[in-house]
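Using the hints, put the two standalone chains together into the complex.
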Amino acid sequence: MRSSLIVKITREQVVEKLLLAVACSAIMSLLLIAVFIVKEGAPFLVKVGPRDFLFSSDWRPQAGHFGIYPMIVASLWVTLGALLMGGPLGIAGAIFLTEFAPPALMRVVKPAIELLAGIPSVVFGFIGVMVLAPLVRAYAGGPGLSVLAAAVILGIMILPTVLSIAADAIASVPQSFREGALALGATRWQAVHMVVLKAARSGILAGLILGMGRAIGETMAVIMVAGNAVKVPHSPLDSVRTLTANIALEMGYATGMHRQALFATGIVLFIGIMLLNGSAMLVMQRRKGKT
Amino acid sequence: MKLCTLAMMGVTGLLLAGCGRNADSVTLAGSTAFQPFAEKLADEFMAKNAGANITVQGGGSAVGIQAALSGAAQIGMADLVELPAEAQALTSYVVARDGIAVVINPANPVTNLTLIQIRAIFNGATKNWKDVGGPDKPITVVSREEGSGTRSSFEKIVKGITLTQDAIVQDSNGTIRETVAQDANAIGYLSHGLLNDKIKAVTVAGAPCTTAAVVAGTYPLARPVFLLTKGPATGASKAFIDYVLSADGQKLIADNGLIAAQ
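Line by line, the protein sequences are chains A and B.
The first sequence runs 1 to 291 under this note's numbering.
The second sequence runs 1 to 262 under this note's numbering.
Just to be clear, a hint being listed does not mean it is correct.
Claimed, not checked - Capping the alpha-carbon separation at 30 angstroms, the derived lysine-lysine pairs in DSS-like fashion look like this:
1) B/Lys127 / A/Lys231
2) A/Lys231 / B/Lys48
3) B/Lys127 / B/Lys198
4) B/Lys40 / A/Lys231
5) B/Lys130 / A/Lys231
6) A/Lys231 / B/Lys198
7) B/Lys159 / A/Lys231
What the hints contain is simulated information worked out from the structure, not anything from laboratory work.
For reference, chain B alone in the conformation it holds in the complex (with noise of 0.2 angstroms):
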């Protein structure tokens, strides 16, 4: 008996240790495009402040917006043209821009689209390759689910978008990704930080997705990246906000392939 109770004050004294939180402990929840630049920062933050914890978590805009609103997470990232209404309740910071890439098969020749050739593609419309400049082969449409940052920054920008039912959904930039690295017929669009060489970017009415072209304004597809908090930053989360807007944590961001700021 007493064996017993001794071993659940035990295993109670465990979970309630297991619930203690650093005082110095952040976490950052939502964007998965500003997901993988977060986590460098993070790692260089802790690196130079000894005893900071940041946590860097994903889920997409919606979740961050969510998260910040609910306390789940101290930051949120959101990354869209525009913040909802349920977000103004906070403060939000832009770190970063970033440029929203069209990303096809490399095996793909088309170069090129138009932002009415995209919208038809989105919509459905246009359902083969050959009639925006392709082979004859049916296009498969590669979309975010709806919580998503880039996709509703992608629609409103687009303009006109009801996403097609043929549409395959994918829940973060790095699934979709990898679903058109495989796919010779796919056509997708993530953040421009994620490009690598399994996908090729195409230029959005004659405008390659490149940071200058977003800093001058040519390419269309471009969106701040906000740090969101309840009430304005606090202690290790302010810490954190002012290092990723210091001149080292902008560099790390433009050195990664994002937009600084300023």
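The following block holds chain A by itself, in its conformation from the complex (with noise of 0.2 angstroms):
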């Protein structure tokens, strides 16, 4: 009996270490990550420059020169396309599915949609270059591999996101919301607009900034479809290149103060996501306060 116990005891103990190891391992490998990408971008952003290499549209490595300004605007118009696309048909399709579908509708459709993460980017973007590069050649113009074909691309991708956290937000708003709600006189959609909303929209700007991350760092489909055109774009039929794509693209063959160059977009990409992680995440705890 006694001896169990004592095994029990350091059975658990050793779980307990094991699980503490494991969930330091993630931080580790965040810090690492940070870590080796400022110790392989910094010298090159120290030597350029960070005004040279953030505001010169000047990208032509093999001949020394590093500006990155216009994958940065790339990357913005981008993600802001995507959000475009994907966050009001995410949250309108939130909205119908937790307020006004049957049960029976939702128990369908919301897995149906949450399906669509699991499509691979590769996919996303093969039926971008087959399908709505040619439509958007067609019918607006411009090369086709372009920011609109990009955008649209990544708002699909970003909407299984986008719908899943915001349905759930919605739903876990109290029922007695709702019922306060309709028992002073307002219609269903007035008690959703004005009520269900305002109490959910934390959780709303939750799900629409993890949608931001995805489209920011998505990679491969964006190659596929934007064009990758070195450039500063000025409508949004142009082909640009995102930071991400820049890096992928390049990597292979880079060496040197080139290779350097990449990491240090790398960095750029880093700060950027964590900066508009943090600004969201501030706006939310405010609201939160507020409410």
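Right, dumping it as structure tokens:
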């Protein structure tokens, strides 16, 4: 009896320590990645100077010109475009599924949309190249491989993230909120957009942020659909290269300064995503405080 | 606890087993223009030599040179007019010659371009097909990425190209073909071994991009294909390169649309 008790305790301790190690390893790998990127890219930033790197439009690595301004603008355009496409659709879908759709429909549609998240990005890219880009070329003009095509594809890709998180947030609003609004004479739609959406907005915002994170970090589909031209876009029909596409396209053969420049591009991406997430979290906390 | 240790040992063992390399295995990496030919050659070679294991990867000529230098691949593939300085440390074998076809969409009526016109188009000076005898449509320039051997050969032979900022960049011969096949206003360039009926090769200064014209030297856009090894090839690498240079290998290269080296 006694010995088995001791064994139990030690086994529990071992498992506990093991789990702690696993939890720490996630943080460690994040730290390692950050340290590695900074170590590889920082010397370049010091040498070239952040101003020339961030605000010059001249990217010709083999001639020694490293300006990533066009890629920064491209990443922002494509990400915002994806949010414009996927955001309203995702939120509207979430409202319909949680508030208006019969439960049986919800049980079929929601998992089906979440399945979208499991489709590999290269497949989205393939559909973009074969179907969407020719449509854009035929009906809107330009080369087809463009900001617009990338934004539509990414909008579809972030749809499951936005929709399922927003739907969870709306579903978790207490039923009494709805009942109260209805009792005051509100119609169902008034109850939804004046009460339920207000109560669920921090969750909806979280869905949008996670979607944005996926859009800005997506690489494969964007390489295939955006056309990868290094220039500052002037219209949604222009071909662009995002920060992620730039790294993926050139990593294979980059050496020396060029390689460091790609790591520095990684630093910019890293900091950009941190800033976006950080500021979004701040907004969420503030809003939570107000209500 | 014991179970845990056992499981860990099992996992480690599996990982180690995955790292184990067959002594006969050879990896080729580099030029995406030569990649499909290398794959065919590798298939034939493995069919004839039981136990041989050859893996072919793409990446572009610059990757081929880097991989051969670093040892990531036993054989690098590069198709360049001339090898860059860092490749001087490698042993090079010319295994084929390759024309670079300038391709447009079959819907485009243009049939011939001069080197000067090609230069102006890729520089961005000529922006409309009507300036080179085509319809009144904007030109979509499609190019390879900077590490591509096809691109550096193309730019070296045409001379004076500073690629227009509007150019769409694709990272393999195959995606160039796909882009040009889909866009009626596109122009691109790729290995003439990869031509098919979805795209149309224009004659350059009157010369068609054919094996005969490249051999005769009348078609200007041609470059050699190199296989590169770190030091003279030995063992399985040597056997494979010998096979590629043999009558059989050269015939296979020629039958599939490239130009044999000998």
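Outcome of the hint check:
The hinted pair formed by lysine 127 of chain B and lysine 231 of chain A meets the criterion: a straight-line CA distance of about 16 angstroms does not exceed 30 angstroms. In summary, the hint linking lysine 231 of chain A to lysine 48 of chain B is not supported, as the alpha carbons are separated by about 50 angstroms, beyond the 30 angstroms threshold. Straight-line distance between C-alpha atoms of lysine 127 of chain B and lysine 198 of chain B comes to about 23 angstroms, which keeps the hinted pair within the 30 angstroms bound. Among the hinted pairs, lysine 40 of chain B with lysine 231 of chain A is inconsistent with the structure: their alpha-carbon atoms are about 38 angstroms apart, more than 30 angstroms.
For a cut-off of 30 angstroms, the pair hint linking lysine 130 of chain B to lysine 231 of chain A stands: about 25 angstroms separates their Cα positions. Restraint check for lysine 231 of chain A and lysine 198 of chain B: satisfied, since their Cα atoms lie roughly 29 angstroms apart, inside the 30 angstroms limit. At most 30 angstroms may separate the alpha-carbon atoms for a hinted pair to count; lysine 159 of chain B and lysine 231 of chain A meet this at roughly 23 angstroms.
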